[in-house]
Amino acid sequence: MVSPQSDGRQDTIAAIATAQAPAGIGIIRVSGTRAHDILNEVFRNARGECVVQSLSAGVLRHGYACDAGGLRLDEVMAVRMDRPHSYTGEDMAELQCHGGLFVLRRVLDAVLQAGARLAEPGEFTKRAFLNGRIDLTQAEAVMDVISAENDFALKNAGRQIDGALRSRIESLRQKLLHESAFIEAALDDPESYEDALNDYAPRLTETLRFVSADIEEMLRHAQEGILLREGVRCAIIGIPNAGKSSLLNLLAGTERAIVSQIPGTTRDTVEERVRVGSLTLRLIDTAGIGDGSGRELDPVEKIGMERARAALEDAELILFVVDVSGAIDREVIDLYRETDGKRRIVIANQIDRLPEQGRSVRDVAASLPVEFEGTDAVWISAKTGEGLSDLRLAIEKSLLQDDSWRGEDLLITHERHRLLLQEAQESLSALSATIGRGMSEDFYTVDLMGAYEALGRIIGAQTDDDLADEIFSKFCMGK
Amino acid sequence: MDREKFDVIVIGAGHAGCEAALAAARLGMRTLILTMSVDHIAFMPCNPHIGGSSKGHLVREIDALGGEMGRNIDGTFLQSKMLNRSKGPAVHSLRAQADKLAYSMQMRRVLEKQEGLTIKQAEAVALLTDESGPAGQGCRRICGVRIATGPEFEAQAVILCTGTYGTARCLCGESITETGPNGLQRSVNLSESLRALGIGLRRFKTGTPARMDGSTVDFSRMIRQDGDIPVIPFSFTTDPDTVQREQLPCYLTYTNKETHDIIRANLDRSPIYAGIIEGVGPRYCPSIEDKVVKFPEHERHQVFVEPEGTYTNEVYIDGMSSSMPEDVQVKMYHTVPGLEHAQIVKNAYAIEYDCLTPGQLSSALEIRAIRGLFCAGQINGSSGYEEAAAQGLVAGINAVMQILQREPLVIDRSEGYIGVLIDDLVTKENEEPYRMMTSRAEYRLLLRQDNADLRLTEKGYAVGLISEERVTALRKKREQIEAEKIRLKNVLLGAAPEVQQFMEEHGSAPLKTGMSLAELLNRPELTWENLAPLDPGRRPLPAAVIEQVEIDLRYAGYIERQERQVKQFRKAEHQRIPDDIDYSDVPSLRLEARQKLSRFRPESIGQAMRLAGVTPADASVLMVYLAARRASSR
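Order-wise, the sequence lines are chains L and Y.
One point on numbering: in my numbering, the residue at position 12 of the first sequence is 12, and numbering is uninterrupted.
One point on numbering: in my numbering, the residue at position 374 of the second sequence is 374, and numbering is uninterrupted.
This is chain Y alone, in the form it adopts within the complex (with noise of 0.2 angstroms):
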């Protein structure tokens, strides 16, 4: 049979899929995108929301990089929030409501308007390669995809975005159905596929809470929640004119003790602790029956009402996710105020799913083992729409310069998010889904979400999905904002009356001796826009530039400290082990050390050095190895 001919295939229509199609195409690569089903393609089967604490950083790093993610939601948001707002700004997370429908259906317009992207509703069910190099000791390369009803395609890379679909089965109390999320078809022949090629994989689980009426919800018991005003877009292309819309409103009410008596009454008919699900489920997303379990001296636990959408009734009750059987879902939510005479509408229910054994990916998030196979989202082991989208933006990249020959695009932990959440599915045994934090980032001063665009522009530019007009207004920002600190550095006010008299109306202490402005910025009272009138000669700047201006100038010493530690960190990342590396050769290896520096085969050093069971004597051991080897090879 004449096979079609595309350059990348990607499976799967979800956040990662979409965001690695788009980036495919986008570079010119003739790319085909598989879904199941094509009136669910940037679906969201459990929470309503895109961003919140580190996932927010997540999506402005997609959107720095030429991601979709952060214009999807702007089109699409009812409520937006900035969290954290009371701490400091390297914690400051965007979180917005979505319409699930309107998300949904924007991004299907978007990938139905992409040049060189062809969308195909179907079942991929095998994985099609070929040897690649001398016979006998080239390695594996994929080829192309065969799906369900017969036909095949040909493509240079294929990337995995499978999400929860591969041998999916949905659980609620004692029913099981082997369903993808919401009903949707599952995917079988894949994962044998995938088997076959000697790809490890196992099973994790995860779950979701119940949909309810909001008709019958009493919203008058609970307290409402809304947006904030003005909102904050989260793509730096978005004009804020744009967002500043009517937002819904969410609402917070709390469980009780009577909650907990329940659950506690009928753990032996919730699945996870009558020992079912087999699937690990994340800690830290725990379902209801967890959080009353693991922390029994929480009186309460806070549920978070939220709408699905402008176009239904459906309310998403965060917080509450739970596997337990109908029945007692029935009376547990029942016990929670506002929700008494509240009528489900779906179940809340546990899915467990098909992902990849640790240790089998690059850092360029291509399986080792078979070149050009790329894999993004669920199957590497994340949870979360933000993660799943920034590894399909990197897969899709990556994909695309391998079939160009180029470097791969690999961001380190000290240069963003998306770098840190890589790096910790490549190097870590993640026994549960890997969910984004801001504590996972070291750096995390350097790393805030209002600088994602100064981070990573200039890469998304490198790499081709940064416009030459955005490159240059990002140069520019990142001048004035230079010019501005300088300026500022050199401007001095001496301890003239009407100084000490501004000082005195903003609550701030008197000049004992001529300070600059900038240092005048250290102190919290003081911002640049009410230090205008000492300040004739400025010149009106950008909000965004004059928020790098104060943020750089207030923390200027943390900052510093912070960048000395990348530093350290980036000798450690530099130094590169060989991909041709024999870890029997290495002499004085331990064993264990041995063969988890076989199995995943870091980098660098920095990445050895991350590797559970690599103890910094390894790492020694391993340093001097190749000190050796350097010298033995000049």
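So that you can see chain L by itself, here it is in the shape it has in the complex (with noise of 0.2 angstroms):
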């Protein structure tokens, strides 16, 4: 819950806009009531004078961004603009500074100094949500680009910025308010507007089989969507020792996990997040599950067993790791049996110990336990990167069909919004059973409307009182 003070119209907020690494320009962007108050303190021209009075909004002026003694911390640009015509709806001001990081954030301390309180994460665009700036979908996009990930998330939330989502919504949510103003019109008019019933089933049928259509159509990829823009849980399990931590480091490039030769090493599940294609993979490497083969287990190894067995539950896409290089004994098969019915990926690991042992992937491939039979195995190893590209291939075809929803005009990235397609898409049968069933049109309504309302709270055109605390979930994650 925010505090009565971070929404008061006295806190004035600031922060550093642009991405915090090296870079030619940075800029720190201030909003709120005492936004251009903040810039005259710290903000001086080439003479040493205060001059923000005399800047026209959305002017850059150049100058000198100085603490509060007057010491000059930066050459900088800066601009002013007056409520409402910002990007959040209030005062605001920006300054663009040229120093390198450690500057930047001097000059962030001295606007910090002259009253601004730093902003939370996301705070300029709920203040732009809440001054009416833009709408649910909108913030919610912008949300979306500062954490996307990918480029393709980023292309989609800069489609949704513009209100494509919206405008394709609005329009379904048109003819549906217009279908039930018809029939309400009727009913309340019965003697003038008797006929005017007659033959209309099949007319409204009609305009239902567009409007299911088009949200099929948005459905269709959402799911893609939203394991594109929120990455894909997925869980590397095996029985101990079979070379997950170590696939977990091929695959993120770094030495994340610890690795070595004892069984039980990885205690507890280890996340990494790994690009794969356009995919971003929520990857979780966990302790080895099995009996020990004789090893008396300790209470931690356990916790961390049980620990994988939740990761296995919760994951979306299971790696599979079996050590084809030993033997795949009843531990083996018992483990793969949990996690049948599960979306997975079976990666033989371990294949540069092949060789050595006079074996190839073909003798190991034909004498696999029958459990294994008609799986799509990865051969890989781990340690040497052999397999890699085969890995991520594998990975991208087993959650992405094929490529179609790469043709979309807007993919829908959202589980929210997922949702109350759905459940626009179960009014609309509803309504179709209605009018199967010969019912009459009064009873059209009722799920005509629930479509409606469903379509509106996606994009926030419909409130309920849920609203306060969906805006609050959402601006108070990120980054």
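Nothing false has been slipped in among the hints.
Calculated cross-link-like contacts (lysine-lysine; reagent style DSSO-like; alpha-carbon spacing at most 27 angstroms):
(1) K257(Y) x K346(Y)
(2) K294(Y) x K175(L)
(3) K567(Y) x K489(Y)
(4) K485(Y) x K512(Y)
(5) K428(Y) x K175(L)
(6) K485(Y) x K87(Y)
(7) K331(Y) x K294(Y)
(8) K477(Y) x K567(Y)
(9) K175(L) x K87(Y)
(10) K477(Y) x K87(Y)
(11) K428(Y) x K291(Y)
(12) K567(Y) x K175(L)
Far from chain L by the CB rule (all over 10 angstroms, computed), these chain Y residues:
(13) G75
(14) S175
(15) L197
(16) P249
(17) G338
(18) N347
(19) P358
(20) G359
(21) T472
(22) A532
(23) D535
What follows is a list of derived Cβ distance ranges for each label pair:
(24) D582(Y) x G70(L): 36 to 44 angstroms
(25) G613(Y) x I303(L): 54 to 62 angstroms
(26) I25(L) x K571(Y): 45 to 53 angstroms
(27) D314(L) x D585(Y): 42 to 50 angstroms
(28) L267(Y) x P84(L): 44 to 52 angstroms
(29) K571(Y) x D314(L): 25 to 33 angstroms
Keep in mind that the hints were calculated from the coordinates and are not lab data.
All residues carry an ideal CB built from backbone N, CA and C; glycine is no exception.
Hey, can you piece these two chains together into the complex? The hints should help.
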């Protein structure tokens, strides 16, 4: 919950608006009732004078950012924006600094000294939303841009900011509203509209078919869209010492997990975000699950295994690692069975050891236990990196059935949107059933309005009390 | 001068005033009702019917809360019909043709017999107020009324039910008369007094068609329309046997091209189209000129010819209200089949009157700025007898609740059409007289005329207008409904030969698996009555119980979906906005939203969201502010 002060109008916020990495230019953004006063305190022209009052809104002005003692921190360009004509709808100011990261932080300090508060993640967008500058989908999209981890997510978020989703949803809502209004008019004045409802059902069915098809279209690639934006929960599962951590390191390209010969080295789950093609994997390395082959398990190891099982349960994709250089015994098979019904890829690891054993991949493939028959195992060596590109392809293929989503103008990338689209779709099917049963027209409107409202909630045109929670959950997350 | 003391004074004895006065007196208040003419109590200056689409719902709700209208029409109707029977139960609507004089006389007798109620023919000319609370910062409070002849009366609450009398003007073509409806005396001084108290007024307009001499109408050229047999009474307390009496017919005829040509040729002489009338008329009860102008593609419009009473030959020409000059009216009416030689007894005319500007009322129907001043009926911007009566009842109850320092009666949009009506009057800037319509009710499937008693009787009982006996009967009905539904769900039928034969005889598909009687009631061809041979264990039940059982089971899926919507709606309604909120303190509100909220002062987030000009984003700003305020006061 937001504290009263953080939403007070006196509250002016500031933050570094550009990536906090070495770059040619860095921007500090200030928003709130005191934004102009604060700019006035930190910005001086070449003669050391305060000039903010004379600045025209939206015009860049050259000068210097100074600390409270008047010391020049950096040569900057300043701009003021007047409410409501700014991103947040409040008075705003921006300082474009030229120094490095260190200087940028000193200028920010000066701004904070002058009375601003450090903005919370996404707070500028939150204010823009609360001031009615952008709607909920646009706000969500901005948050997406901030947190986008791949090109695709960024591009789609950009489309959403333009309001593409909103306009598509709006046009469907208009159609539903039109039908509803027609029915209501006929019902309210039965004596003059008696004939109006003759042959109406087929006409309505036509409209519903259109709306429903469009929703279906949006839903078709929603699963992929959500995976693309949110990333895929992906658990690496295997018995102890199958090479799971090595696999994580191979995919992540870093020594993220500790690798050792000792079974049970990974005690807890380790998570790493990894790019695979268009996808972001939230790769979870788990403790090996097994009886320890006669070894006594320590309590910590047991907890690790419980967590591994939880990760398995939760995962959208399982990378099931098998050490094919060793024996594939009951323990492996039992664990494999535990993953039945989940989306999974079998990874035949440690093929680098096969030559020394005088075996080939083909030999091993032929002698795999019957439980693995028909699975398209990916043969790799996590140690040498052999087979990595095959693995990447296999992961993409298993999550994104085909490439058709790439042709979509607009992808649904939020679970919230997907659920509401589904809800609208359910209302429309209920309505079709009502028509099919030959019910009278006054029963149509329940589900017609049900669909209308579900669509409205996607774009924030329909508010319910959950919205406040929605907003808080949305804006308090992020980076 | 010594002021005579009352608890409640009702100004006006139309449909709102009668309900308000009866409610107050029945709740034990010493009540005075003032009227311009005691011979016109509950007068029907416009159409001669009570009920109709959605208005029938209002009458039943009024009855369930302990109002009078339903009983009054049950005793005085000439014809009764359930409209929309071919549709679902939610849009069935009862409409009865009233004997206007009998209706008025019966209501007058009810008022006269009411203990604690004083009737007085007098024009109220001024409202008397004083300051309550500490000097300077308290709010203004009503304390009485002065009448034209001089005397003042004291009261703790005053209910304005002035109808269309405030500074009224009647227009018929170029002729303007400064009277209330039907030539009755208008009121001028009261509007002045309201303005002096800072109450905003505006002008609304409505109209009524001509009345004709029935002996000059050729009914053989029209389509006869008879009432229903058997008649279903409006009031839940009326014994259906008492209303099965002989009914009078109405007649249907149509306008035609000739009618429309005459209207078009004379539009420049219509006071509305010529710009003489400044008031805004209702879209939903359009004059024939409006219909012709706005629907040029319609070749004809329906005209219903309805009796005004048994005491007169006069018939009401429903569907052809007009403010055309008399010579045009005569020509126009004479083009309609059956009216070729009809004699006009009373001309059609338009009437213009004062009503409140929006934003001044609370959900209790009290003017927020003046404690104890309640308003009901056309002064609130509504139209229609039923709308007026519903508000009168609620205003009467709430005046009493305030005097007794009890919570006001507020019916929400999911509880009744009355709730929808009042919420719309309180939150919307209606630009024309507001008429009830089924489409205004979001939760229509739950707000049926058949279950008004189940929805509202308990509320009427809590207020004190419903007797112990009546609420006990209601509770028994509810129990019987629930018990029967459970029983029907538990009686299972297998695919026995006699069952299959029964299905075949009733044109119903044979059973494939076992089914309960409740499931069988989902089939439109089967009813509780005709399932009797398959249900030897049943006990006889009242028809009203059977009706509810059938509706509940048959439409269960829809009712459940609607109930889910209501749940969502209630969440926003239950987020109350404190009375003392200062919108200039709420950060980030857009100017328009800030103005709207300050003016209408909504009582809940739900209500705030229904204000035009308050966007979902504004509502979220408000929710965030209230959440923060609650957090900081904790």
